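Please construct the entire structure, taking both the sequences and the accompanying hints into account.
So you can see what is in the structure, the chains are spelled out below.
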Amino acid sequence: MFIKILIGGLTLGVVYALVALGFSLIYRASGLMTFVQGDFLMLGAFIAYTLYVTLKLPLVVTVIVTLLATFVIGLLTQKIIIGPLLKRGSGPIHIVLATIGLSYFLQNFAMLTWGTEVFNFPSIFGDQPLEVGSVTIVPQDVWIVVIALICMLVLHLFMTKTKLGTAMRAASQDKMAAGVLGINVPLTEGLTWAIAAVMAAIGGILLAPVHGVSAMMGVRISLKGFAAAVVGGYGNMYGAMIGGLLFGLIETFSSTYISSDSKDIITFAALLLVLFYLPTGILKSTIIEQA
Amino acid sequence: MVAVAALFFVPSVLADQTYLLLILNTIGIYIIVNSGLDIVYGYSGQISIGQAGFYAIGAYVSAMLSTKLGMPVAVTMIIGALAAAVVGIIIAIPSTKVEHHFLALVTIGFGEIVRLIFHNGGEFTGGPDGITNIASLKLGPLDFNSYESYYYVVLICVIVLLAIKVSLVNSRVGRAFLAIKYNPESSLAFGINVHRYKVMAFAVGAFYAGFGGVLYAHLFRFISPETFTLDQSVLFLTMVLLGGGRSFWGPIAGSVLLLILSEFLQVFEDYQMAVYGVIIMLVLFFMPTGVVGGIKEIFQKRVMKLKH
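Residue numbers (this note's numbering), protein chains in the order written: chain A, 1 to 291; chain B, 292 to 599.
Don't read these hints as lab results, they were simulated from the structure. These numbers come from a predicted model, not from an experiment. Where is the CB? At the ideal position from N, CA and C, for every residue including glycine. One should not assume that every hint holds.
Computed list of lysine-lysine pairs in DSS-like fashion (alpha-carbon distance at most 27 Å, straight line) [stated by the list, open to error]:
hint: 1; chain 1: B; residue 1: 592; chain 2: A; residue 2: 87
hint: 2; chain 1: B; residue 1: 596; chain 2: A; residue 2: 87
hint: 3; chain 1: A; residue 1: 263; chain 2: A; residue 2: 4
hint: 4; chain 1: A; residue 1: 161; chain 2: A; residue 2: 175
hint: 5; chain 1: A; residue 1: 87; chain 2: B; residue 2: 472
hint: 6; chain 1: A; residue 1: 87; chain 2: B; residue 2: 587
hint: 7; chain 1: A; residue 1: 175; chain 2: A; residue 2: 163
hint: 8; chain 1: A; residue 1: 79; chain 2: A; residue 2: 163
Covered stretches of chain A, as calculated for chain B (at least 3 residues, CB under 8 Å) [claimed, not checked]:
hint: 9; region: 81-94
hint: 10; region: 222-232
Short, incomplete list of chain B residues facing chain A, as computed with Cβ under 8 Å [stated by the list, open to error]:
hint: 11; residue: 395
hint: 12; residue: 561
hint: 13; residue: 565
Shown next as structure tokens:
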């Protein structure tokens with residue numbers, strides 16, 4: 001029982017972590033808070049659904065096209081909405097509202113395009129439980145955790161070992177200095193949003209066979225992912241991963257051992273406690289001063 | 292003065308326009324909540340995306356006390372608003388050391404917790420179904436059970452609470468709010484107790500939101516957790532930003548415009564939310580300081596042109 005809940009918690013936790021990573025990247029690069037991550041996740045799930053279920057394309061094609069599409073959507077969000085708003089001197093709170101506006105728009109768009117019901121996504125890795133010793137394990141859950149962890153590793157390697165990743169980190173520390181050194185700052189800013197969107201879309205594809213696909217699926221996950229990013233240490237990539245796992249585990253354990261009605265109350269109460277006692281998160285966050 | 296007096300005669304003109312009167316009542320309630328939020332956001336610089344939590348506390352406390360325990364509504368209304376203010380103080384004390392996004396997140400978490408508690412409250416809060424047949428406000432022989440009669444109650448509350456806001460923000464306290472918004476360090480150096488004023492601003496905002504909730508409960512005489520979502524908190528903040536913060540007219544203009552807009556948006560049926568989203572973004576693009584600020588800017592440009 002315990003192991004089963006643990007795996008359930010980890011499955012949910014890695015998806016939160018993927019979403020949280022996006023929040024964290026954006027915050028570190030520009031000190032901005034966004035509300036549209038959950039909708040990137042939802043769009044990823046729906047695009048994958050259309051390609052894989054409706055058009056019956058192979059899985060590899062589905063994944064590649066979905067990630068490319070969300071990459072472009074993330075990039076466009078920064079280029080068309082966020083960047084121009086910042087140029088006009090909008091403050092962080094205005095960006096928050098703009099992303100909320102975009103979020104409403106995308107949810108409505110999804111409802112009109114795909115419908116308001118919950119769509120079943122066929123299991124990719126098999127949902128037949130396996131008996132391993134005395135424990136039953138669903139292969140799908142294990143795959144979700146493994147794939148998400150691989151994605152995080154790839155992101156880590158990209159950010160630390162490649163030239164572009166290093167440029168992105170440099171630009172997030174000091175835009176002007178990075179620009180002087182010949183780093184294409186507008187490109188790194190756009191890339192940040194694109195990568196955030198792709199991370200969320202991966203979460204969406206992984207979650208689709210478990211929870212189904214619906215226009216509102218992003219809303220709840222977005223809030224938890226955001227909480228995970230902040231609790232882990234806002235702007236700290238590794239903190240986002242820890243925070244995501246933590247919230248996944250808190251949620252599954254409290255819903256099993258206490259009650260499923262109270263799981264969200266406990267999750268948010270944990271969030272408030274962490275914020276009050278560790279105002280900078282579990283791992284120290286990079287606080288960016290703003291007016 | 293004439294305009295305010297004219298507002299008292301509105302019901303006699305619209306006596307049979309029930310729906311219009313309902314909208315006017317709702318606008319009044321939103322003006323109260325948003326003017327309170329303006330004290331928190333516009334004047335003291337704290338972001339709250341959890342006003343629906345205080346709104347819910349006011350509504351539920353007054354509804355439960357009057358309907359389940361039979362207390363007089365005039366008393367429970369005051370208790371409801373005060374309860375919201377007390378919770379505001381409790382939540383503000385640890386919150387004042389958290390800033391910016393973190394504060395936004397605290398208020399989001401708080402709003403969600405409040406909603407979930409009422410949602411899971413069982414028989415006492417009515418659970419997901421909420422509370423129906425809420426008692427109406429009675430003062431002596433008067434029963435304010437129609438939209439028309441209730442309009443006067445809302446109007447008087449709006450006038451009183453706006454008058455309190457004006458005198459508050461123009462007082463020493465109001466100047467302290469602005470000082471801590473623009474420069475907390477130097478206000479501290481000038482002997483302003485930053486912590487205390489932040490809590491105070493938050494409590495006042497919570498009181499206004501609670502008062503709005505109380506008025507809401509006895510207007511519709513039905514409440515359910517559905518009303519007090521994060522979207523409602525976002526709506527309040529959007530109204531303040533749309534109208535323009537740190538101003539008397541801003542929250543009023545924001546409340547009126549957005550409510551009229553949402554009525555107008557019903558024409559779009561399935562597209563409502565998309566159009567609403569686009570309008571939020573357009574306002575941010577073209578009127579970043581809000582409608583009231585935007586109009587002022589246009590006016591100033593005209594004056595400048597005339598001078599040249």
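Does the structure keep residue 79 (chain A) and residue 163 (chain A) at a Cα separation of 27 Å or less?
22 Å, holds
For the pair supplied as a hint, residue 263 (chain A) and residue 4 (chain A), confirm whether the alpha-carbon distance does not exceed 27 Å.
17 Å, holds
Are the Cα atoms of residue 175 (chain A) and residue 163 (chain A) separated by 27 Å or less?
16 Å, holds
Closest C-beta approach of residue 395 (chain B) to chain A relative to 8 Å, hint status
Where the cut-off is 8 Å and the nearest Cβ of chain A is about 7 Å from residue 395 (chain B), the hint holds.
Holds or violated: are the alpha carbons of residue 161 (chain A) and residue 175 (chain A) at most 27 Å from each other?
This hinted pair holds, its Cα atoms lying about 20 Å apart.
Measure nothing beyond the straight line between the CA atoms of residue 596 (chain B) and residue 87 (chain A); if it is 27 Å or shorter, mark the hint as holding.
Distance ~26 Å between residue 596 (chain B) and residue 87 (chain A) Cα, so the pair holds.
Tell me if the straight-line CA distance from residue 87 (chain A) to residue 587 (chain B) falls inside 27 Å.
22 Å, holds
Interface hint status, residue 565 (chain B) versus chain A (Cβ within 8 Å):
4 Å, holds
What's the verdict on residue 87 (chain A) and residue 472 (chain B), does the C-alpha distance respect the 27 Å limit or exceed it?
23 Å, holds
Does residue 561 (chain B) meet its interface restraint, that is, does its C-beta lie within less than 8 Å of any C-beta in chain A?
6 Å, holds
Residues of the region 222-232 of chain A with Cβ under 8 Å from chain B, three needed, outcome:
holds (count 4)
Need the status of pair residue 592 (chain B), residue 87 (chain A): alpha-carbon distance at most 27 Å?
21 Å, holds
When each numbered hint is compared with the structure, no violation occurs for any of them.
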